[in-house]
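Sequences are here, hints too, so could you generate the full structure?
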Amino acid sequence: MKAIVNIYLKEGVLDPQGKATKHALESLGFKNVQDVRIGKQIVLDLDIEDKEEAYKEVEQMAQTLLANTVIEDYNIEIVQ
Amino acid sequence: MKAAILRFPGTNCEFDTNYALKRLGFETQIVWHKEEKLPKCDIVVIPGGFSYGDYLRSGAIARFSPIMKAVEAYAKKGGYVLGICNGFQILTEANLLPGALKRNTNLHFISKFQHIKVASNKNRFLSKCKVGEILYVPVAHADGNYFIDEEGLDDLIRNDQILVQYCDKNGEFFDLNGSVNYIAGICNKEKNVFGLMPHPERAIEEVLGSVDGNKMLEGFLAC
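Residue numbers (my numbering), protein chains in the order written: chain A, 5 to 84; chain B, 13 to 235.
Hints were generated in silico from the structure; no laboratory data involved.
Heads up, the beta-carbon is just placed ideally off N, CA and C, and yes, glycines get one too.
Take the hints with a grain of salt, since some may be wrong.
Here are the simulated lysine-lysine pairs, BS3-like style, with alpha carbons at most 27 Å apart [unchecked claim]:
hint, chain 1, residue 1, chain 2, residue 2
1, B, K81, A, K60
2, B, K34, B, K134
3, B, K14, B, K142
4, B, K124, A, K23
5, B, K14, B, K34
6, B, K227, B, K14
7, A, K14, B, K34
8, B, K81, B, K49
9, B, K52, B, K14
Counterexamples of contact, computed for chain B against chain A with all Cβ distances above 12 Å [as the list claims (entries may be wrong)]:
hint, residue
10, K14
11, P78
12, I146
13, I174
14, N182
Spelled out as structure tokens, the structure:
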């Protein structure tokens, strides 16, 4: 089973990379960009068959190591 | 006075820190991160560098090194711990200090001498400094943008946990990297765990441009 963890800075926490990218897009003429948030994606190959079990374990990984919940939010997607 | 200086893969300030502390009269020992026990010591110093290449987040992986369990237990028992730069990042990741360090607002690696103002001296670390005193100490970091939520900031202020803040040469607060409240360094509520982004160990001899770092590190001599 495969798990995809997306990690972003929390709403309200300034994302300097997103802000710089937004400026760059604007200067390229893309005028419709309201906000840019840059995060990271972690793809895990898991030796787990059960979807629920996989989700639980990945959530623990995210809480302990993958995300810093002081400044980051995450979401988990389990894919076959 | 015995100091244990931790060394992770990617740490690069352990010898500067060792040199600075020895010069002041500390007995020192560099401790590899794979050790599970700390040597008998009066203070643990986590020096600067790029532990684990700053992979995932600065300090995020080092925080789970075997030695950190011993450091956590040592800190919980009231032992003194000082984290400089990457050491500060490791201590926030380990939840031994509140808040987190994000990428600098301007996205640059900022490496220069910087003025900082002492916000509190009611702690061992800055006991030799005066409140409002302006110190001149190098900074060198990409992730020094200190973040804490409003409630957390209120706690820091209420408990006198803010150690130093970035300022200009006249003492006016200066937004160096986006840090909340210009924060350059903090301590825990119990005032035995300290973290700061500036490098006192790099400001210890006139030839380096400043000796203000001595005044800071000397605070621990009496512990």
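Evaluation of the provided hints:
At most 27 Å may separate the alpha-carbon atoms for a hinted pair to count; K81 of chain B and K60 of chain A meet this at roughly 25 Å. Distance check on the hinted pair: K34 of chain B and K134 of chain B sit about 25 Å apart at the alpha-carbon level, within 27 Å; holds. With a C-alpha separation of about 25 Å, the suggested pairing of K14 of chain B with K142 of chain B holds against the 27 Å cut-off. With a CA separation close to 24 Å, the supplied pair K124 of chain B and K23 of chain A stays within the 27 Å bound.
Between K14 of chain B and K34 of chain B, the direct Cα distance comes to roughly 10 Å. Compliance with the 27 Å bound is thereby established for this hinted pair. For a cut-off of 27 Å, the pair hint linking K227 of chain B to K14 of chain B stands: about 18 Å separates their Cα positions. Taking the CA atoms of K14 of chain A and K34 of chain B, the gap is near 43 Å; set against the 27 Å cutoff, the hint is violated. As the CA atoms of K81 of chain B and K49 of chain B are separated by approximately 9 Å, the hinted pair is consistent with the 27 Å bound.
With a C-alpha separation of about 8 Å, the suggested pair K52 of chain B and K14 of chain B falls inside the 27 Å cut-off, and the hint holds. Every beta carbon of chain A lies more than 12 Å from that of K14 of chain B, the smallest distance being close to 32 Å; the non-interface claim holds. No Cβ of chain A approaches the Cβ of P78 of chain B within 12 Å, the least distance being about 15 Å, so the stated non-interface status holds. For I146 of chain B, the shortest C-beta to C-beta distance to chain A comes to about 27 Å, beyond the 12 Å cut-off, and the non-interface label holds.
For I174 of chain B, the requirement that its beta carbon stay farther than 12 Å from each beta carbon of chain A is met, with the minimum near 17 Å. Look at N182 of chain B: its CB is around 27 Å from the nearest CB on chain A, clear of 12 Å, so calling it non-interface holds up.
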